[in-house]
Each structure stands twice: as C-alpha cells, then as structure tokens.
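Chemist: What follows is each chain in one-letter form.
There are 2 protein chains.
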Amino acid sequence: MCDVCVMNAVKDRMLSRRDLLRGGAAAGVAGAAGLAAVPAVADAHGSVFDMTHTYGPDFPTFFGEPGIALEQAFNFEENGFNLFNLTINEHTGTHIDAPLHFSEDGKSVDEIEVGNLVVPLCVIDIREKADADPDAQVTPDDLAAWIEVNGDIPDRSCVAMLSGWGDKVAEPAYRGADDAGGLHFPGFHPEATAMLLEQTSAAAMAVDTLSLDHGPSQDFATHYAWLPAGRYGIENLAGLEQMPPAGATLIVGAPKHAGGTGGPARILAMA
Amino acid sequence: MCDVCVMNAVKDRMLSRRDLLRGGAAAGVAGAAGLAAVPAVADAHGSVFDMTHTYGPDFPTFFGEPGIALEQAFNFEENGFNLFNLTINEHTGTHIDAPLHFSEDGKSVDEIEVGNLVVPLCVIDIREKADADPDAQVTPDDLAAWIEVNGDIPDRSCVAMLSGWGDKVAEPAYRGADDAGGLHFPGFHPEATAMLLEQTSAAAMAVDTLSLDHGPSQDFATHYAWLPAGRYGIENLAGLEQMPPAGATLIVGAPKHAGGTGGPARILAMA
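So the sequence lines, in the order shown, correspond to chains F and G. Mapping to the numbering used here: the first sequence position 247 is 247, numbers consecutive. Mapping to the numbering used here: the second sequence position 227 is 227, numbers consecutive.
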C-alpha cells in the first residue's frame with residue numbers, strides 16, 4: 001500500500017536528519033522565504049518536499065498591497081491562549097486560482113475534485129530564457145521539447161513553469177515593476193495554454209511567479225482560456241528547482257471555504 | 001517510487017468513476033457537509049480521500065460566532081473576475097492547532113516540520129460510548145485496546161478520535177450547547193494525552209469535534225499538555241469513518257502564514 005512508501009520515506013528522512021546532526025554535508029536544503037525542504041535520499045521510495053512559501057504582509061502581491069493582515073484577538077499572557085483573526089486576499093502567497101476566479105459560474109475552490117489535487121507534476125524549465133528576459137513565456141516549443149524528452153503529459157497533470165523566480169521572492173524583481181507601473185515576470189503564453197487545453201487533460205497549470213499570464217499581459221488571455229475551461233491554476237509555487245522534470249507527484253492542499261475563487265494553499269510534493 | 005503508487009491510485013479512481021458513470025452501484029460515497037470522498041478500490045495501492053469539511057459562515061465554531069466572512073472585492077460582471085477578501089478566525093473549520101495556540105512561544109503553524117505533515121493515521125473508534133454519552137473521552141484504556149489489536153503507535157503518527165460527530169456537523173448537537181451555555185461533545189481525556197506524550201512520538205492528535213478537550217472541559221488540560229510539548233492538533237477532521245484503524249497515511253495541508261497559531265487546513269488521506 002502507498003502509505004508504506006510514505007512511511008519508509010519518513011524513516012529515510014529521519015535518517016537524513018540524523019546524518020545532518022552528525023555534521024554530514026550531503027543533506028540540508030533550505031530555500032528562500034522560509035521554504036523547508038527535506039533532502040531527497042537515494043532509495044526506491046520518495047521524500048516529501050514543501051512547495052509552499054511562508055507568507056505574511058510583506059509577501060509580494062500582484063496589486064502591490066499586503067495580501068494578509070493578522071489581528072491578535074487573544075494573547076497568551078492575558079487570555080491563556082493565542083489566536084489571530086486573519087484578513088486574507090484570496091490570491092495571496094502560494095495559492096489556487098479556481099475556475100470561478102475568471103468565469104461567471106465556474107467551479108469554486110471547494111468544488112475542485114479531490115482526484116485533481118494529487119497529480120503528476122511536469123516541470124517546464126525556462127530558467128535560461130527567463131534569465132535573459134523577465135517577460136519570457138512558456139511556448140508550445142517549450143512544451144514540445146519537454147514531451148520529446150519525457151513523453152506525453154500524463155492525464156490530470158499539473159504542468160508547472162520553472163522560471164527561477166522563486167529565488168527573487170524577497171526582492172523587487174519578483175514583481176518587476178517598471179517606472180510606468182508595468183510588471184515584468186514570466187508566465188504561460190496563450191498559445192501554450194491552448195496547446196495544453198487541446199492536447200492534454202492537465203488538471204492544473206502552475207507558475208513560480210505572481211500570475212499565470214506574464215507580467216506585461218493586458219488581456220489575461222491565459223487566465224481567460226484556462227480557468228473557464230474548468231481547469232485550475234497555482235501561483236507562487238515554491239521549490240520547483242528541486243523537482244525532476246517528470247515523475248514527481250504534487251499534493252495540492254487547496255482551501256475549502258464554500259464558494260471561494262481560490263486561496264492560500266499548502267502544497268507538498270513527493271519525488 | 002511513491003508517485004507510481006499515487007498515479008496508479010489515480011488511474012484506479014478514474015476507472016471507478018467510469019464504473020459509476022456506467023451506473024455501477026459499488027462506488028459513490030459522499031458524506032455530510034460537502035465531504036467529497038473517492039471510493040476505495042480493491043487493489044494493492046490506495047485511493048485519495050478528502051478529510052476536510054467544506055466550511056462557510058454557518059459552520060459550527062467553539063465560540064458560536066461565524067468563523068469566516070467573505071467580502072466580494074471584485075465581481076465578474078463589473079470587473080471581469082471574481083475575488084473575495086476573507087476574514088477568518090484561525091480556529092475555524094477543519095483546522096490546525098499549532099503549539100503556539102496554547103503556549104507562550106511554541107512553534108507557529110508555518111514552523112511545523114514538513115515531515116510531521118505526512119504521517120501514519122491511527123483511528124481510535126469510540127463511537128459506541130459517544131453514542132451513549134456526548135461527553136465521552138478517549139481514555140488510556142481505549143489507546144491500550146487499539147495497541148492490543150494494531151501494535152505500537154508508529155513514530156510521528158496522528159492519533160485520531162472517531163466519535164461519529166462528523167455526521168452531526170449541520171445539527172445543534174455538534175456543539176451540544178445546554179441551557180447554561182455549556183458544551184457537550186467528545187474529546188481526549190488528559191490521561192490519554194499524558195500516555196501519548198510519555199509512550200509515543202505521535203506528531204499530532206486529531207478529533208472529529210470542535211476541540212481536543214471534550215465539551216465540558218473548564219481547564220483545557222489536554223490542550224495545555226499537548227501543544228506546549230511541541231505536538232500539534234487537528235480539530236473538525238472529517239471522513240474518519242472511512243479509514244481503517246491502522247495503515248492509512250494522513251496528509252496535512254496546514255496553512256503557512258508566518259507566526260500563525262493554526263488555521264483552516266486541507267487534509268487528505270491515502271488508504
């Protein structure tokens with residue numbers, strides 16, 4: 001049973017931790033922005049990786065305003081326990097875009113099928129061209145190159161853009177605002193989106209940037225094609241650089257508030 | 001690799017869906033409160049189950065006030081997209097209690113180790129005594145009886161109380177408020193909590209009710225023992241009646257806002 005794989009992975013990870021405590025240099029990966037990653041170990045099973053940015057009021061947002069506020073309603077000293085009331089813009093941090101976000105009556109975040117939350121992960125690495133051009137996009141050629149090497153995109157996959165933007169999350173370059181207020185970061189080209197819609201049953205599209213459409217987009221053509229088709233999106237995904245191009249499984253802890261258009265999610269991967 | 005197990009499970013599930021569409025009666029489980037479950041199939045792998053209640057302003061809370069409010073900041077007709085600002089009491093719906101919730105300086109929800117979010121699930125079934133007494137508690141005897149049948153509680157487990165309260169989530173009986181304002185629902189007895197702390201490395205304790213302590217508790221002795229010890233809690237867990245007593249794996253999509261005392265989580269299981 002699959003839980004055996006997972007339990008073995010946990011044991012392996014505990015071993016890695018012990019190695020780390022003994023001063024072993026082989027382990028230890030900790031990305032930007034509080035990303036906690038458990039090092040992969042060379043065995044037949046897998047390890048669990050955290051694909052989620054820690055987020056707070058400083059986390060970059062599309063509109064540039066803080067996406068979360070914490071108000072302490074109870075505190076340990078006076079009340080004997082701590083509790084915050086949170087005010088959250090649904091599209092903050094590592095989060096989901098449900099079909100309803102860009103449609104009149106698409107599925108809300110609580111209506112996404114559970115079978116579409118545990119899916120094969122396909123990583124499209126465009127770091128080289130994104131290094132040269134912050135407005136770079138995933139194109140049909142990028143998808144074709146991935147398929148050439150890895151075979152067809154599996155049913156219900158999450159197809160994820162790895163632009164390298166995760167490393168910039170604490171820098172102004174993450175939004176890439178210019179003097180005129182325009183934004184500059186990579187995303188999916190509408191033609192690549194059309195290709196995924198026509199030729200695959202991918203459940204989700206993910207980016208390691210603020211938006212499925214690249215920063216300069218004025219028409220949000222990728223959002224308007226992808227979400228009304230009943231597929232969902234993930235923005236600000238972390239840790240993609242630790243994943244293989246194919247073969248990992250993404251576990252999407254989408255929030256489940258009734259009628260939501262999306263929301264901050266805890267996303268893990270097994271690889 | 002473990003993702004192979006998962007991908008096979010997804011294939012199996014798709015087969016089950018096809019069977020369902022063909023009118024097969026074997027599949028189809030949908031619990032209360034929007035709980036979406038994928039039927040288990042008889043094979044060597046596993047299926048994914050949703051252990052999370054859909055929640056909204058009507059979802060029962062410990063204090064009796066709505067735990068979430070949605071304010072529509074943008075709407076499709078006028079703005080071309082939908083987006084809500086959410087106001088959320090951290091301890092609403094299917095949610096996490098981080099150590100910080102009942103301690104001065106314990107771990108916040110974003111600091112829980114990722115290795116403690118994918119863990120063996122041990123289900124302690126007290127439905128029979130909870131049927132007879134809404135103030136029933138998990139006792140050391142209940143834990144001993146589970147161990148007698150299933151063996152030791154595995155390292156890093158989540159030990160979960162199945163009281164059957166999940167079926168009452170839309171009824172006043174879920175809070176069980178009496179005329180004097182007292183609450184009545186099952187929880188963990190402080191002696192069982194002490195046993196888990198002393199004899200196991202369980203990472204988490206879970207209940208299918210509003211609180212780790214049973215309703216009548218005035219001293220929250222289980223909260224004050226468990227959370228400051230660096231372990232975490234899950235409240236309002238759904239779907240436990242579908243799980244085996246031992247052998248399933250719980251995947252806890254805890255939220256990752258910096259410094260939080262807990263928060264609504266998406267929780268899945270593989271069994």
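Everything labelled a hint here was simulated from the structure, so no lab data went into it. Heads up, a few of these hints could be off.
Pairs count within a copy or across copies, as identical chains cannot be separated in the list.
Straight-line C-alpha distance at most 20 Å; calculated SDA-like pairs for lysine to any residue [stated by the list, open to error]:
| hint | residue 1 | residue 2 |
| --- | --- | --- |
| 1 | LYS168 | ASP178 |
| 2 | LYS168 | GLU191 |
| 3 | LYS129 | VAL149 |
| 4 | LYS129 | GLU148 |
| 5 | LYS107 | PRO172 |
Computed from a prediction, not measured in an experiment: that's the story for all the values here.
Chemist: Checking against the hints above, which ones are violated?
Modeler: 2 and 5
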